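As you go down the protein sequences, you meet chains C and W in turn.
Residue numbering for the first sequence follows our numbering, starting at 1132 and increasing by one per position.
Residue numbering for the second sequence follows our numbering, starting at 1041 and increasing by one per position.
Some hints here could point you the wrong way.
Within a straight-line C-alpha distance of at most 16 Å, the following computed EDC-like cross-link-like pairs (lysine to aspartate or glutamate) qualify [stated by the list, open to error]:
id, chain 1, residue 1, chain 2, residue 2
1, W, Lys1069, C, Asp1156
2, C, Lys1250, C, Glu1265
3, C, Lys1181, W, Asp1125
4, C, Lys1250, C, Glu1237
5, C, Lys1250, C, Glu1149
6, C, Lys1158, C, Asp1176
Quick look at which bits of chain W chain C covers, simulated, 3 or more residues with Cβ under 8 Å [claimed, not checked]:
id, region
7, 1063 to 1069
8, 1090 to 1101
9, 1122 to 1129
To be clear, the hints were calculated from the coordinates, so they are not data collected in a lab.
This one's a predicted model, so the numbers in the text were calculated from it and none came from an experiment.
We put the CB at the ideal spot given by N, CA and C, even for glycine.
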Amino acid sequence: MAEPLDAASIAVGDVLPELVRGPIDRKTLALFAGASHDHVPLHIDTDFAKAAGMDDVFAHGMLGMAYLAQVLTRWAPQRQLRSWNVRFTAITPLHATLHCRGEVAELFEEDGERRARLKIGAWTDNNVQTLDGEAIVAISKDRK
Amino acid sequence: MIDRDAHVGVVSEPRTVRVEEGFLKFFAKATGETDPVYLDEDAARAAGHPSIPMPPTYLFSLQLSAPAKRGDIFDKTGGIGVGMDRVLHGEQGFTYHRPIYAGDRITITTTTSDIYAKKGGALEFVVQETRFENDRGELCAETRQVTVVRNG
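All chains, please: the whole structure from these sequences, using the hints.
Structure follows, in C-alpha cells:
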C-alpha cells in the first residue's frame, strides 16, 4: 500500500513509476472476464469476434484501466483518489504488453485540500496509445 | 439508429448487491495486483481498513454483476437492445465520495443521460451515469460510461 504523500515534495512534471503488464493472452482475458463480470464475447470467443469483423479477440478496455489504477494506488493510497476518467483511444490487441504511465500536470486547491491533476495513459509495446485520461488525487490530507 | 426519445432519461430500477470478498480477490489476481491490501483481509486490516477495499475500477464490475431490467444497453426487452457484436467502450469515468469495502451492500441506479451520433450515424454514443449508495443512503461513488455502437 502506498504511503501518504508529502505535498511539499510533489512538483509539476513528476513522473509516476511506470507499470508494465502483459503480454495479454487468452487466459488473461478469460480470467478478467470472469473476475470483472464482463462477459462480452468479443473478448473471449474468437469465433464471435471474427464474425463481428475483428481480427481476433481483444482486451477489455477495463483491463487496461484496472492496470492504470494500479499506477495511481501505488503512488497514493486509494482513499486519496478523488476522480479520474479515460478515453479508450485504440483497441488493445491480443498479445500486447501495456505500459501504464502518469505524470503530475497541475497542483491546485479544491474543496479545502491540495490536489494534483495527473495526465495518465497506457501504450502498447508498439507505442500505440490505448488509454488517455486524467486523474485528480488529494495530496495534502485525508478528507474526513 | 437507436430511438433517442425512447431511451434518453430512462432511469433503471435500483439494484442492491453485496460486495463479495471472493470476487475482489479474484479481480486482484486477474489484474496482476500484488498489493496485499487487495488480496488479504489481514493485510487490509493492518493497513487500517475494515476489510478488503474495493479497487477503483471494480465499480464497473459491480454494476455488470447486477444488470438492470430497465435501461440496460444490451437488454432487448426492457433496455436499449444493442448487439454485443457492435459495441466498443468509448470512455469511462469514476468519482469517489466514500470508500467501499468487501461486505458492503451497495444500491446501484443507472440513468441513460445522452445518445448522439457521429459520422452520419455510422457511430452512436450512449452515455450512462450510475450512482452507488450504501445502506445509509450515502452517495459513495458515481460513474460515467460512454459506449460506442458501430452501425457500419
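Evaluation of the provided hints:
Between W/Lys1069 and C/Asp1156 the CA atoms are separated by roughly 15 Å; this keeps the pair inside 16 Å, and the hint holds. A hinted pair counts as satisfied when its Cα atoms are at most 16 Å apart, and C/Lys1250 with C/Glu1265 qualifies at roughly 5 Å. For the hint linking C/Lys1181 to W/Asp1125, the alpha-carbon distance of about 10 Å falls within 16 Å, and the restraint holds. With a C-alpha separation of about 9 Å, the suggested pair C/Lys1250 and C/Glu1237 falls inside the 16 Å cut-off, and the hint holds.
For a cut-off of 16 Å, the pair hint linking C/Lys1250 to C/Glu1149 stands: about 13 Å separates their Cα positions. Pair hint C/Lys1158 plus C/Asp1176 holds up; C-alpha atoms about 12 Å apart against a cutoff of 16 Å. Counting residues of the region 1063 to 1069 of chain W whose C-beta sits closer than 8 Å to any C-beta of chain C gives 4, which meets the bar of three, so the coverage hint holds. Residue count for the region 1090 to 1101 of chain W with a Cβ under 8 Å from a Cβ of chain C: 7. That meets the three needed, and the coverage hint holds.
A stretch counts as covered by a chain when three or more of its residues have a beta carbon under 8 Å from one of that chain; for the region 1122 to 1129 of chain W and chain C the count is 6, and the coverage holds.
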